[in-house]
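Given chain G's structure and the hints, the job is docking chain S onto it.
So the chains spell out like this:
Protein chains: 2
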Amino acid sequence: MKTAQRILITALDIFNQQGENNVSSVEIAMELDISPGNLYYHFKGKEVIVAALFDLYQEQLRAILDAPSKQSDTSLNIEDFFYYLYLIIEKNHLFRFLYRNPTDLTDKYPSVAKGFIKLMAAQERCVTELLAKFVTQSTITASAAQCNQMVEIIGLVFSQAGNYYALKGNDINDDEYLYKSLSAILFALLPYINIEPGELHHLQEAIVNRGFSHDE
Amino acid sequence: MKTAQRILITALDIFNQQGENNVSSVEIAMELDISPGNLYYHFKGKEVIVAALFDLYQEQLRAILDAPSKQSDTSLNIEDFFYYLYLIIEKNHLFRFLYRNPTDLTDKYPSVAKGFIKLMAAQERCVTELLAKFVTQSTITASAAQCNQMVEIIGLVFSQAGNYYALKGNDINDDEYLYKSLSAILFALLPYINIEPGELHHLQEAIVNRGFSHDE
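Protein sequences, first through last, are from chains G and S.
The opening position of the first sequence corresponds to residue 1 in the UniProt record's numbering, with each subsequent residue numbered one higher.
The opening position of the second sequence corresponds to residue 1 in the UniProt record's numbering, with each subsequent residue numbered one higher.
Looking at chain G on its own, in the form it has when it is part of the complex (with noise of 0.2 Å):
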């Protein structure tokens, strides 16, 4: 693997774990074995390292977020979009120090407070839609109001269940993390979801187990 790549998934591990605030670019390079001016080298401080890594997550959700719009469009499974919401889950867990001290983070580095904003409208128009196109055929009974409610909640769960479970001290790990915020949402959604009992059944144990039918 190239040093720059090393750097990268180093620094996503450790920000992680500790904060983004409280690691130095020099605990990167010591974590790597290499020695600050070899880091400096690749990135020029520790500003440049969270802006690369923004721009990997950005990426790599937005990849996600423009999945469906690509799919033919024949009618959707409600265990696809909860497969869809998984995949969104599981990115933001994947750079969960991004979330972590939101309100710190974007002060610090405006350029990733403006592409939070614009990757959060999108991830909200995606959500949107998605429930757009359930209302029309009639998987979802639902105004237009009560999507939007769906969607903050939705986005509510994306962006600040892991900060919730910090705080209440539950020491959960990643499998219980998707699980927890999963069923939040389903919780959330299920009155308004045409479902058979059958199919709920398939979707709670797909939930459950993380085993969702694309997995194979």
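Treat the hints loosely; a few may be bogus.
The list treats identical chains as one, so a pair stands whether inside a single copy or across any two.
[Said to hold, decoys possible] In silico lysine-lysine, DSS-like type, Cα no more than 30 Å apart, as pairs: (1) Lys-44 with Lys-168; (2) Lys-133 with Lys-168; (3) Lys-180 with Lys-44; (4) Lys-44 with Lys-118; (5) Lys-2 with Lys-44; (6) Lys-108 with Lys-91; (7) Lys-133 with Lys-91; (8) Lys-44 with Lys-108; (9) Lys-108 with Lys-46; (10) Lys-118 with Lys-180.
Simulated from the structure, these hints should not be mistaken for lab results.
Just chain S now, kept in the frame of chain G:
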């Protein structure tokens, strides 16, 4: 007002605006137009100010949490419940610097971390008990698992809605914040609440206008 009180009020205000991490005790003294020595006479360092603010928050929140159990046990109504949620959201918002950067804050102040775990548990217990009473009197129809999910969503909104709106770049004022938080909770609970259309309309009006009947 006594100097110690003035220090706490000013510190709370600056912490809320700029984040606890970005403010030194010297800056708090400057804002108050007192010498750092005078501030130090009252509070031996920023840690002591943060601990005192957390104690104040804890005391005030516990007073709200304890209120329903002290009331006579006549039937609860949903509007009272939402007024209760409103008081909690308002209190959390008043001390919002505590929620701004929870991971770093609790890493830095172990006593706050411990206090938070207990306080969040107390908050969840109170909401759980109220929901259970509603189920008993058939105001809410939900299983224990569904009530647990409601408690999770309420807790998530209580603690993290502010960070979420900030990340979206929404520059919302305190009133909008309270309104959006209560609306999200109402949305999640509504399918389980047995409520007359007239009563629902009244509750929605109360949320929009922040005009609960208790305000009289």
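Comparing the hints with the structure gives:
In this homomeric assembly, Lys-44 and Lys-168 come within 30 Å of each other (Cα to Cα) only across copies, at 29 Å, whereas the closest approach inside a single copy is 37 Å. When the C-alpha separation of Lys-133 and Lys-168 is checked against a cutoff of 30 Å, the pair qualifies only between copies, where the shortest distance is 24 Å, while the shortest distance within a copy is 37 Å. In the homo-oligomer, the alpha carbons of Lys-180 and Lys-44 never lie at most 30 Å apart, since the shortest distance is 39 Å inside one protomer and 41 Å across protomers. In this assembly of identical chains, Lys-44 and Lys-118 lie within 30 Å of each other by CA distance solely inside one copy; the values are 26 Å within and 43 Å between copies.
For a Cα distance limit of 30 Å, the shortest separation of Lys-2 from Lys-44 inside one copy, 17 Å, qualifies, whereas the shortest one across copies, 49 Å, does not. Both within a single protomer and between protomers do Lys-108 and Lys-91 lie at most 30 Å apart by alpha-carbon distance, with minima of 23 Å and 28 Å respectively. For the identical chains of this complex, Lys-133 and Lys-91 are intra-copy neighbours only, at 24 Å inside a copy versus 39 Å across copies, given an alpha-carbon limit of 30 Å. Proximity of Lys-44 to Lys-108 under the C-alpha cut-off of 30 Å is found in both arrangements, the shortest distances being 16 Å within a copy and 29 Å between copies.
Within a single copy, Lys-108 and Lys-46 get their C-alpha atoms as close as 12 Å, and across copies as close as 22 Å, so both meet the 30 Å cut-off. Within a single copy, Lys-118 and Lys-180 get their C-alpha atoms as close as 27 Å, and across copies as close as 21 Å, so both meet the 30 Å cut-off.
Violation of the numbered hints given earlier is confined to hint 3; every other hint is satisfied by the structure.
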